[in-house]
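Visitor: These are the residues of each chain, in order.
There are 2 protein chains.
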Amino acid sequence: MFFVWEVLFPVTFSTKFKLPLLMKKIILFLFFLPLLALGQSHESRIKAIYDTELSSGHTYNNLRYLCKEIGNRLSGSSGAAAAVDWTKQLMESYGFDTVYLQPVMVPHWERGGKDVVRVVNSKKHGTVELASLALGNTQGTGAKGLLGQVVEVKGLAGLQALGSQIKGKIVFFNGPMDPTKVDAFEAYSGAVGQRGSGAAEAAKYGAIATVVRSMNNRVDGYAHTGNQRYAPNVAAIPALAISTKDAELLSSLLADQADLQLYLESHGEMKTEKLSYNVIGELRGTEKPEEIIAVGGHLDSWDVGEGAHDDGAGCMQGIEVLRLYKQLGWKPKRTLRAVMWMNEENGLRGGQEYARVAKEKGEKHIAAIESDSGGFLPIGFSSTGTAEQRGKIASWADLLRPYQLWNLQKAGGGADIGPLRDQGTLLIGLLPDSQKYFIYHHTEADVFEAVDKRELELGAAGMAALVYLLDHEGI
Amino acid sequence: MFFVWEVLFPVTFSTKFKLPLLMKKIILFLFFLPLLALGQSHESRIKAIYDTELSSGHTYNNLRYLCKEIGNRLSGSSGAAAAVDWTKQLMESYGFDTVYLQPVMVPHWERGGKDVVRVVNSKKHGTVELASLALGNTQGTGAKGLLGQVVEVKGLAGLQALGSQIKGKIVFFNGPMDPTKVDAFEAYSGAVGQRGSGAAEAAKYGAIATVVRSMNNRVDGYAHTGNQRYAPNVAAIPALAISTKDAELLSSLLADQADLQLYLESHGEMKTEKLSYNVIGELRGTEKPEEIIAVGGHLDSWDVGEGAHDDGAGCMQGIEVLRLYKQLGWKPKRTLRAVMWMNEENGLRGGQEYARVAKEKGEKHIAAIESDSGGFLPIGFSSTGTAEQRGKIASWADLLRPYQLWNLQKAGGGADIGPLRDQGTLLIGLLPDSQKYFIYHHTEADVFEAVDKRELELGAAGMAALVYLLDHEGI
Numbered sequence: 066m067f068f069v070w071e072v073l074f075p076v077t078f079s080t081k082f083k084l085p086l087l088m089k090k091i092i093l094f095l096f097f098l099p100l101l102a103l104g105q106s107h108e109s110r111i112k113a114i115y116d117t118e119l120s121s122g123h124t125y126n127n128l129r130y131l132c133k134e135i136g137n138r139l140s141g142s143s144g145a146a147a148a149v150d151w152t153k154q155l156m157e158s159y160g161f162d163t164v165y166l167q168p169v170m171v172p173h174w175e176r177g178g179k180d181v182v183r184v185v186n187s188k189k190h191g192t193v194e195l196a197s198l199a200l201g202n203t204q205g206t207g208a209k210g211l212l213g214q215v216v217e218v219k220g221l222a223g224l225q226a227l228g229s230q231i232k233g234k235i236v237f238f239n240g241p242m243d244p245t246k247v248d249a250f251e252a253y254s255g256a257v258g259q260r261g262s263g264a265a266e267a268a269k270y271g272a273i274a275t276v277v278r279s280m281n282n283r284v285d286g287y288a289h290t291g292n293q294r295y296a297p298n299v300a301a302i303p304a305l306a307i308s309t310k311d312a313e314l315l316s317s318l319l320a321d322q323a324d325l326q327l328y329l330e331s332h333g334e335m336k337t338e339k340l341s342y343n344v345i346g347e348l349r350g351t352e353k354p355e356e357i358i359a360v361g362g363h364l365d366s367w368d369v370g371e372g373a374h375d376d377g378a379g380c381m382q383g384i385e386v387l388r389l390y391k392q393l394g395w396k397p398k399r400t401l402r403a404v405m406w407m408n409e410e411n412g413l414r415g416g417q418e419y420a421r422v423a424k425e426k427g428e429k430h431i432a433a434i435e436s437d438s439g440g441f442l443p444i445g446f447s448s449t450g451t452a453e454q455r456g457k458i459a460s461w462a463d464l465l466r467p468y469q470l471w472n473l474q475k476a477g478g479g480a481d482i483g484p485l486r487d488q489g490t491l492l493i494g495l496l497p498d499s500q501k502y503f504i505y506h507h508t509e510a511d512v513f514e515a516v517d518k519r520e521l522e523l524g525a526a527g528m529a530a531l532v533y534l535l536d537h538e539g540i
Numbered sequence: 066m067f068f069v070w071e072v073l074f075p076v077t078f079s080t081k082f083k084l085p086l087l088m089k090k091i092i093l094f095l096f097f098l099p100l101l102a103l104g105q106s107h108e109s110r111i112k113a114i115y116d117t118e119l120s121s122g123h124t125y126n127n128l129r130y131l132c133k134e135i136g137n138r139l140s141g142s143s144g145a146a147a148a149v150d151w152t153k154q155l156m157e158s159y160g161f162d163t164v165y166l167q168p169v170m171v172p173h174w175e176r177g178g179k180d181v182v183r184v185v186n187s188k189k190h191g192t193v194e195l196a197s198l199a200l201g202n203t204q205g206t207g208a209k210g211l212l213g214q215v216v217e218v219k220g221l222a223g224l225q226a227l228g229s230q231i232k233g234k235i236v237f238f239n240g241p242m243d244p245t246k247v248d249a250f251e252a253y254s255g256a257v258g259q260r261g262s263g264a265a266e267a268a269k270y271g272a273i274a275t276v277v278r279s280m281n282n283r284v285d286g287y288a289h290t291g292n293q294r295y296a297p298n299v300a301a302i303p304a305l306a307i308s309t310k311d312a313e314l315l316s317s318l319l320a321d322q323a324d325l326q327l328y329l330e331s332h333g334e335m336k337t338e339k340l341s342y343n344v345i346g347e348l349r350g351t352e353k354p355e356e357i358i359a360v361g362g363h364l365d366s367w368d369v370g371e372g373a374h375d376d377g378a379g380c381m382q383g384i385e386v387l388r389l390y391k392q393l394g395w396k397p398k399r400t401l402r403a404v405m406w407m408n409e410e411n412g413l414r415g416g417q418e419y420a421r422v423a424k425e426k427g428e429k430h431i432a433a434i435e436s437d438s439g440g441f442l443p444i445g446f447s448s449t450g451t452a453e454q455r456g457k458i459a460s461w462a463d464l465l466r467p468y469q470l471w472n473l474q475k476a477g478g479g480a481d482i483g484p485l486r487d488q489g490t491l492l493i494g495l496l497p498d499s500q501k502y503f504i505y506h507h508t509e510a511d512v513f514e515a516v517d518k519r520e521l522e523l524g525a526a527g528m529a530a531l532v533y534l535l536d537h538e539g540i
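Chains A and B, in that order, give the protein sequences. Using my numbering, you'd call the opening residue of the first sequence number 66 and step up by one each time. Using my numbering, you'd call the opening residue of the second sequence number 66 and step up by one each time.
Worth flagging that the hints you see were computed from the coordinates, not collected in a lab. Fair warning: there could be bad hints in the mix.
Heads up, the list lumps identical chains together, so a pair's fine if it works in one copy or across two of them.
[What the hints assert, rightly or not] Under the rule of at most 25 Å between Cα atoms (straight-line distance), these lysine-lysine pairs were calculated in the PhoX-like manner:
| hint | residue 1 | residue 2 |
| --- | --- | --- |
| 1 | 424 | 398 |
| 2 | 219 | 391 |
| 3 | 179 | 133 |
| 4 | 424 | 310 |
| 5 | 336 | 179 |
| 6 | 112 | 246 |
| 7 | 426 | 353 |
| 8 | 475 | 336 |
| 9 | 179 | 269 |
| 10 | 353 | 398 |
| 11 | 246 | 391 |
| 12 | 133 | 310 |
| 13 | 219 | 133 |
| 14 | 396 | 133 |
| 15 | 112 | 398 |
| 16 | 219 | 232 |
| 17 | 310 | 219 |
Predicted model only: the values in this text are computed from it and were never measured.
Turn these sequences into a full structure, and let the hints steer you where they fit.
Guide: Next comes the structure, spelled out in structure tokens:
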């Protein structure tokens, strides 16, 4: 304490003038009072958030309902429509100040039937069925299917070397996710180009279809679908994913037999756009209502599994942040919005429309937090913003570390909140551990049972803690 | 660079004397060279460890063998003996410099048959079988079983209030693990007294048996066994655990019906002590062979499941640390020992004997690292040692953080290495995330399939990285 005193009032240490000891103590007390009160309040409030969530949270049971009663919900599907209705009702049942739907037109792609990738002429095994899923937004082969010789490349870069050998063939992209990347999202980034642009690039060389090794950092039997984009003025060829296990098999068969042929069947069709909605719930700020903090995830999923980790988890966590405020009897200073964006998976229309409307209305989003990396153990937050904004997040490290939210350094945000960037909004992503995400991502395995209750709750509580700090401290 | 130069050679900035610029640069380069080399070497070597483990590690397949081919291995069992033989052979196959067995006498408890906890007179449900497991080291009821009225307490503290009402009854300890503790081991510490001392304490009040709510932070159907200790001069009464789900059920039945009776049956018997072994593999140090770094886990497990997380994972990770040195072609400066301690679960004889022999031989263990908190995502290391020792661990934060080993602050070590404490050994525990450990701990569910490959490998690589630093820098 003496050191502090010296720093604050060095003059009193001169021999010329001394304050009485009692007065010193009073001044000191008054000086530190607000700081102490602030610190204690933040700590105790964050503890209240965690205690409430971990002992009586709704996140897990809400996710159960979304997954088990509604299931998967690709944009334009009946599941997506049901999820819009239910999340609106859920937020209304919690008594949020405002709950509304924001219309947005979305692409409507349908798988249309069972996908087939079949090795037809293996000398070793004869006919072999491979676990497959057509990629999203693809054109199907039609009911007649498609037969062709297959040629393997390790990644997009392998196409050029093969050049004219590709013409008339099925290109098999077999570049694995790099296992040495500790952050699995880095490994995903390094490999996903094969899925996203593989068909478009291979078509330029005259390929008749593509098959891609699933974006999975494990070797198992699940095929992973996902988005792909055709290029303008290039043939829209069928594109399917096969499981990592079957990619290994196919590669080994090809090593022994260069004239291997595949039969493909897929039925994908891009239909007329449909009307859908972002679902928005709001607690109105009591002091600075014009400053908005948005928090949530995307409500759509792929058309397989239950969209539990991707991204039912993020949606339920977003709603839970506002519900915790209600359960704790807190009124926010700023306006808090739980947002379930529509169409992240194959169009990003919801995120774009949300930002467009915000700009049109002159809304001021000071921060947006998205949880779209799975309902796994949270280890921190990524962010994209000014140095000052990111510095403020970092200044809360001592408040977040007791809850294992160690990593506040990573850059990032979320796909749906990205379009808010040019409005000066600080973009934040919940950062769960990444090891297991790509086991489940875009597969039949992404179901409620794959989500751990406490990990999901720790994510919801962590987001609520950060929203609380942003709400009280601004950014 | 100018700032650095000023600090190093302030005199040259006087106007009286100036070194030629080239000479300045050379001096500066020579000054920083060793620092740069050191830093780069550590970083690149740790990266080599992770790259090797994540792309071609043996840990996961070795754990598969231990779990699937040998299975559980309670001290004194044939499984424990088989595990001793196999781990010795495994380390020999890797060409470690020395592999040997260290004899140790261990308790030999046998479950002896199927455990039964049955509600016999529920007005609501009639007869109800509860999922149960006798606790380790308990005396059985005998084949005739035991019938008694049941009385519920929330924890050890509840016994005194009931006092004489306990006499002749079965005490049901139903204190849950506190869900608000973010660190599940803290919640375990707060509840495990009921399991460890419940029978001894209840017997003092004349209880005829005890039933304890399993140490599980989830509500599910698995009973969790575990150690318990009878007190001297107090009756050794039967003690069984029931699943958390059935603890909730039993509690609700008791709320409606105070005269509820349980029938218990257990067959536990403490047999004659048996000869067993710690299994030790060694890479001899090339510069300071007298300084030993021990790393490993405990080879014994409970007699249910496969002892995958507890603690097959730690054993396989310990062996992997030395195997990585071999694969990478590194020779350690100090002596590295992979140690599989015997009898952590119900006696700690292996850890005690290991420390006793070390002292007797005048061995100098500079550090011991134990992995006994499951093969889950590693988030750091706990340690117990001098401030200087712990400070040195903390000084490596920048080298470990890229691998998500953020938490270097927690106090702790491991049960088996604890007896080395009074020899000045720095005790270190691998610190995995704790959320899921108590789902599997001491249950039929602790099987190979419950372990995630990458999480297990990240633990092995993290331990190898820390061993590398201790080996090269000392402590």
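Visitor: Hint by hint, note whether the structure agrees.
Guide: Here is what the structure says about each hint:
For the identical chains of this complex, residue 424 and residue 398 are intra-copy neighbours only, at 22 Å inside a copy versus 63 Å across copies, given an alpha-carbon limit of 25 Å. For a Cα distance limit of 25 Å, the shortest separation of residue 219 from residue 391 qualifies neither inside one copy, at 52 Å, nor across copies, at 31 Å. With identical chains, the CA atoms of residue 179 and residue 133 are at most 25 Å apart within one copy only, with a shortest distance of 22 Å there and 36 Å across copies. In this assembly of identical chains, the alpha carbons of residue 424 and residue 310 never lie at most 25 Å apart, being 47 Å within a copy and 51 Å across copies at closest.
When the C-alpha separation of residue 336 and residue 179 is checked against a cutoff of 25 Å, the pair qualifies only within one copy, where the shortest distance is 18 Å, while the shortest distance between copies is 60 Å. Taking the shortest Cα distances, residue 112 and residue 246 sit within 25 Å of each other only across copies (10 Å), while inside one copy they are farther apart (34 Å). In this homomeric assembly, residue 426 and residue 353 come within 25 Å of each other (Cα to Cα) only inside a single copy, at 17 Å, whereas the closest approach across copies is 71 Å. For a Cα distance limit of 25 Å, the shortest separation of residue 475 from residue 336 qualifies neither inside one copy, at 39 Å, nor across copies, at 56 Å.
For the identical chains of this complex, residue 179 and residue 269 are neighbours neither inside a copy (27 Å) nor across copies (67 Å), given an alpha-carbon limit of 25 Å. In the homo-oligomer, the alpha carbons of residue 353 and residue 398 lie at most 25 Å apart inside one protomer (6 Å), although the nearest pairing across protomers, at 62 Å, exceeds that limit. For the homomeric pair residue 246 and residue 391, the shortest alpha-carbon distance between copies (23 Å) is at most 25 Å, but the shortest distance inside one copy (41 Å) is not. Taking the shortest Cα distances, residue 133 and residue 310 sit within 25 Å of each other only across copies (22 Å), while inside one copy they are farther apart (28 Å).
Taking identical chains as interchangeable, the C-alpha atoms of residue 219 and residue 133 are never at most 25 Å apart, the minima being 38 Å within one chain and 35 Å between chains. Taking the shortest Cα distances, residue 396 and residue 133 never come within 25 Å of each other, neither inside one copy (33 Å) nor across copies (55 Å). In this assembly of identical chains, the alpha carbons of residue 112 and residue 398 lie at most 25 Å apart only when taken from the same copy (19 Å versus 46 Å across copies). When the C-alpha separation of residue 219 and residue 232 is checked against a cutoff of 25 Å, the pair qualifies only within one copy, where the shortest distance is 17 Å, while the shortest distance between copies is 73 Å.
Only within a single protomer do residue 310 and residue 219 lie at most 25 Å apart by alpha-carbon distance; the minimum there is 15 Å, versus 50 Å between protomers.
Checked against the numbered hints given earlier, the structure breaks hints 2, 4, 8, 9, 13, 14 and satisfies all the rest.
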